[in-house]
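Sequences and hints are given; from them, build the entire structure.
Line order of the protein sequences matches chains A and B.
Numbered by this note's numbering, the letters in the first sequence go through residues 29 to 169 in order.
Numbered by this note's numbering, the letters in the second sequence go through residues 14 to 700 in order.
Fair warning: there could be bad hints in the mix.
Claimed, not checked - Partner residues are not named here, just some residues of chain A that face chain B (Cβ under 10 angstroms, in silico):
| no. | residue |
| --- | --- |
| 1 | V79 |
| 2 | G83 |
| 3 | L110 |
| 4 | R112 |
| 5 | D117 |
| 6 | G122 |
| 7 | A128 |
| 8 | P129 |
| 9 | A130 |
| 10 | I134 |
Hints are computed from structural coordinates only; laboratory data are not their basis.
The C-beta atom is built at its ideal place from N, Cα and C for all residues, glycine as well.
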Amino acid sequence: MTEIYIVRQIDNTRLTQEFDYQRTKECLWLMSLGIFCLLVFLFLAWQHFAVIRDGYQGELLKREVSQLSEENSQLVLERASLRRPERIDLIARGELGLCAPAHDQIVVLSTPFPSEPPATLLARSDRAPSEPALSKAALVR
Amino acid sequence: MPPKSRESFPARIFILSGFFLVWAVVLASRLVHLQIFQYTDLSAKAERQQSRSFEISPRRGTIYDRHGRELAVSVNVDSAYAISSEIKDPRQTGDALAQALGLERQAVLAKLKATRGFVWLKRKLDAAEASKVKALQLRGVYFEKESKRFYPNRELAAHVLGYVGIDDEGLSGLEFAYQKRIGGLPGQVLLHTDAHQRSFSSVERPPEPGEDLVLTIDQTLQYLVEQELAVQVKESNALGGTVIMMAPHSGEVLAMASYPAFNPNHYSKYAPELWKNRAIVSVYEPGSTFKIFTAATALEERLTRPDELIDCLRGAIVVGKHRIRDHKPYGLLPVREVVAYSSNVGAVQLGFRIGKERFERYIYAFGFGTPTDVDLPGEAKGLLRPSSQWPTVTLANIAMGQGIGVTPIQLVTAVSLIANGGHRVKPHIVERTRSGAIEKVSFEPGAPPGRVISRETAALLADMLTGVVKTGTAKSSQLEGFSAAGKTGTAQKVDPNGRYSHTRFIASFVGFAPVDRPEIAMVVTIDEPRGRYYGGEVAAPVFRNIAEQALRYLTVSPDQELTPAQLAKRRPAHNPIPDLASDEFEPANASWEGSPEAMLASQTGGTATPDASSSGKVEVAGSFNRAGTIEVPDLHGRSLRMAIVNLSKLGLQLEAFGSGLVVEQSPASASRVEPGSKILVKLSRRH
Chain A
29 MTEIYIVRQI DNTRLTQEFD YQRTKECLWL MSLGIFCLLV FLFLAWQHFA VIRDGYQGEL
89 LKREVSQLSE ENSQLVLERA SLRRPERIDL IARGELGLCA PAHDQIVVLS TPFPSEPPAT
149 LLARSDRAPS EPALSKAALV R
Chain B
14 MPPKSRESFP ARIFILSGFF LVWAVVLASR LVHLQIFQYT DLSAKAERQQ SRSFEISPRR
74 GTIYDRHGRE LAVSVNVDSA YAISSEIKDP RQTGDALAQA LGLERQAVLA KLKATRGFVW
134 LKRKLDAAEA SKVKALQLRG VYFEKESKRF YPNRELAAHV LGYVGIDDEG LSGLEFAYQK
194 RIGGLPGQVL LHTDAHQRSF SSVERPPEPG EDLVLTIDQT LQYLVEQELA VQVKESNALG
254 GTVIMMAPHS GEVLAMASYP AFNPNHYSKY APELWKNRAI VSVYEPGSTF KIFTAATALE
314 ERLTRPDELI DCLRGAIVVG KHRIRDHKPY GLLPVREVVA YSSNVGAVQL GFRIGKERFE
374 RYIYAFGFGT PTDVDLPGEA KGLLRPSSQW PTVTLANIAM GQGIGVTPIQ LVTAVSLIAN
434 GGHRVKPHIV ERTRSGAIEK VSFEPGAPPG RVISRETAAL LADMLTGVVK TGTAKSSQLE
494 GFSAAGKTGT AQKVDPNGRY SHTRFIASFV GFAPVDRPEI AMVVTIDEPR GRYYGGEVAA
554 PVFRNIAEQA LRYLTVSPDQ ELTPAQLAKR RPAHNPIPDL ASDEFEPANA SWEGSPEAML
614 ASQTGGTATP DASSSGKVEV AGSFNRAGTI EVPDLHGRSL RMAIVNLSKL GLQLEAFGSG
674 LVVEQSPASA SRVEPGSKIL VKLSRRH
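Pasting the structure below:
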């Protein structure tokens, strides 16, 4: 049995697809949406990793703060140990050869001194050196 | 063949889609299984792997002295622990740890084998131990920071401060009494870690640090007191001793020492007996020091006068079946001398005049028989039976300081009352607490304890006690340059058979200085001195040594000239003292001669020339002439102290301005001025 195939040539080269604005618009919209989503995703990912990175950084700084605080406490302790009266006494008496002052070697100052004498005072004192010019004086024993 | 391929295309799509579908289903199923069915287990496991939660111990408050110097400080140190399940070879790890930590090998191994989880290896390591263990880099061995208490001054004020246990709990002293305030509250931290156990985020509830304590104790005075007490206890071969120094107007305890002491950094290495703060827990019979209060009561109730003569019956009085004797037979003595010479017979007669109920009322008013409520724990209230239970002999005994038990803190508080014009003060050690920038006054005086005796009686007593120091049993407590009032006591201890011992005594002294403006009140007790045992011989010198230095340290102006006897006893010239105020030592030619002879010479107008036999003495600049005028020395470049010393030796006064070294003076050097003239000097730190 012979089968016959008829080939019919169809020339549709003249046919052109009509530009579908709607579809193009949809595509562009979808593409924009996709890009937007991608950007959002990338932003979130960046943010996520930035948080982790900052977390490491933060923990590092916390450790540093804690370490510095500890060092500070140790320095306070060291300072307190160095200021120990027993140690100072030993150095003063043993190494520097100091001893407690005698009764007449102690000068008790009644008030803190002003930083500057009144302008006229020195001149007056120069003129009359033997005159006791002032009432407030250091207590000298 | 196009048609064939056209037919197979959907099939392949179908197969591929099917494959993906199956893959997706499997994946989804697995996800559902993991996320829903195994969620609880897996999330818990992840939590364990990625998160670590632990407690952060709070910083224990620092304890400062009154000038802000640290007495107790907490520092974070490493504690080593192990997770036994992570250790592959416990034997080898145990050996290494035992060596590094100085522990028994078997003990470490036992710890590692005892559990598969957490186990402390050693807590609060010192720096050397921690670095040794860290250097080993052992798997399964970790460190945790824990707060450790340090007492940088070691034994200083140990009984006041107390100590803390391994868990930072105060166990004694202020550490115990103020545990709630200085202990703080622990915090909590949740750490998220990665696969390398590095943390990348944490959630923290910070710990609340404890409050700092600022004490009324002065570190320097405390040291001074402890040194003098230790020297005397050792010299007199005593069992121990105690000294309390108090500011009589405020009740601030400036120093409180007990000897023997202990180092609170290693308290467990000392016998528990040494942890006891004798100053507040030791109850003893005060002996003659109590005659102060017998006399005070009699004077206040106008039952006697200081100059009333009391017949001391040649040294013995019979009370019931008991004969009470004096250490020396006295005849008629005025009341002030009954106190000065510490006559038991005289005191007993005053006691009889007072009577039981009235005496009891005054004894309580003076603060005996009840705790003083000082800030320290475990204070004893003393021993005082109700007057209804006193037989006649007890009244007699109490009048002379026996048959009643007091603590040193009660005694010094009661004497402060006399120094304070009759007003009671409440003794306290904690001045304020500090939490960050917030300061809280800890000591609230509350309702004033009130007046116990009148100002007049207090003045009469102060005068009588001054007599005790000047001419009575406490002559060895006379101070150089300062007036003092006080009373000695020599109390017999009670033997195990219940009788008063003739070989075991407590020597004591209680007093204050200077008399007119008391700055310090002090009690000294020496427990069982060997050889010399009288309060005047053993305790009074301690008072003198401490009070002289303390008053100078407190920059109290002397109120008395030296007596000839004191001048004669003076030590020779001291070493030159560096001028610490100007942060540099004086030039070699600026040292002064501190001998009394030179001082007297300068005061009488003689030339202060150095003694050839003495070393380190330099001629004082300036000179006297026969006409009585004085040549003003050149003070340029000298410190204030040296300028004052130079001028005082020449009988000149000084008026100073500024600080540092002398840059100007008026009148100029080599001018001649009258004795007693004032020389103006301007000081500056810039040269």
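Going through the hints against the structure:
1. Among the interface hints, the one on V79(A) holds; its C-beta lies about 8 angstroms from the nearest C-beta in chain B, closer than the 10 angstroms criterion.
2. Checking G83(A) against chain B by beta carbon gives a least distance of about 4 angstroms; that is within 10 angstroms, so the hint holds.
3. Taking 10 angstroms as the C-beta contact cut-off toward chain B, the hint placing L110(A) at the interface holds, the least distance being around 9 angstroms.
4. For R112(A), the interface hint holds, since its Cβ comes within 10 angstroms of a Cβ in chain B; the closest pair sits about 5 angstroms apart.
5. Evaluation of the D117(A) hint against chain B yields a held restraint, the C-beta minimum of about 7 angstroms falling below 10 angstroms.
6. Given the 10 angstroms rule on beta carbons, the hint for G122(A) is violated: about 12 angstroms separates it from the nearest Cβ of chain B.
7. Against a cut-off of 10 angstroms between C-beta atoms, the interface hint on A128(A) holds, since the closest Cβ of chain B lies about 7 angstroms away.
8. The beta carbon of P129(A) comes within 6 angstroms of a beta carbon in chain B, closer than 10 angstroms, and the hint placing it at the interface holds.
9. For A130(A), the interface hint holds, since its Cβ comes within 10 angstroms of a Cβ in chain B; the closest pair sits about 5 angstroms apart.
10. For the restraint placing I134(A) at the interface with chain B, the shortest Cβ-Cβ distance is roughly 6 angstroms, inside the 10 angstroms limit, so the hint holds.
Consistency with the previously given hints fails for number 6 only.
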